[in-house]
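Visitor: As numbered in the numbering used here, residues 6 to 93 make up the sequence shown, in order.
A hint or two may mislead.
As the list claims (entries may be wrong) - Cβ pair distances, simulated, as ranges:
#1 His58 to Val37: 18 to 24 Å
#2 Val71 to Glu50: 25 to 31 Å
#3 Leu23 to Arg68: 16 to 22 Å
#4 Thr28 to Arg66: 20 to 26 Å
#5 Leu33 to Ser12: 31 to 37 Å
#6 Trp57 to Tyr32: 28 to 34 Å
#7 Leu63 to Asp30: 19 to 25 Å
Hints are computed from structural coordinates only; laboratory data are not their basis. Glycine is no exception: its CB is placed at the ideal position from the N, C-alpha and C atoms.
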Amino acid sequence: MEKGTLSIRWDGQVSPCLPLLHTHDGYLHDRVRRSHAYFVGQIGERSLPELWHDPAYLALRERLAVFDYSPCVDCNCCDLPEENEKIV
Numbered sequence: 006m007e008k009g010t011l012s013i014r015w016d017g018q019v020s021p022c023l024p025l026l027h028t029h030d031g032y033l034h035d036r037v038r039r040s041h042a043y044f045v046g047q048i049g050e051r052s053l054p055e056l057w058h059d060p061a062y063l064a065l066r067e068r069l070a071v072f073d074y075s076p077c078v079d080c081n082c083c084d085l086p087e088e089n090e091k092i093v
């Protein structure tokens, strides 16, 4: 997630980044990993500034800023190799 960015899906759902717009499977080496969609709100219900400054979204950005990401491409040995649900 780049600082100062967000993504908007075709139906107005707002997500912190492009990969979180849709639930999808990917691979880390030979293991399947499911990434679940995550949304902070929807355009039409709230404005972008309201969504950006929402306390829950602020807290998420703070957690992600300090999250110590494991080097998945090197070791794939943390407790999050199969899903991203514990991150968001």
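Visitor: Please go over all the hints and tell whether each is borne out by the structure.
Guide: Verification of the hints:
1. Between His58 and Val37 the C-beta distance comes to about 36 Å, which lies outside the given range of 18 to 24 Å.
2. With their beta carbons about 29 Å apart, Val71 and Glu50 fall inside the hinted range of 25 to 31 Å.
3. Look at Leu23 against Arg68: about 19 Å separates their beta carbons, and that is inside 16 to 22 Å.
4. At roughly 21 Å, the beta carbons of Thr28 and Arg66 sit within the given window of 20 to 26 Å.
5. Remark: the range hint 31 to 37 Å for Leu33 to Ser12 is contradicted by a beta-carbon distance near 22 Å.
6. Hint check: Trp57 to Tyr32, Cβ distance near 32 Å, so the stated range 28 to 34 Å holds.
7. About 30 Å separates the C-beta atoms of Leu63 and Asp30, a value inconsistent with the hinted range of 19 to 25 Å.
In summary, the structure is inconsistent with hints 1, 5 and 7 from the numbered list given earlier, while agreeing with the others.
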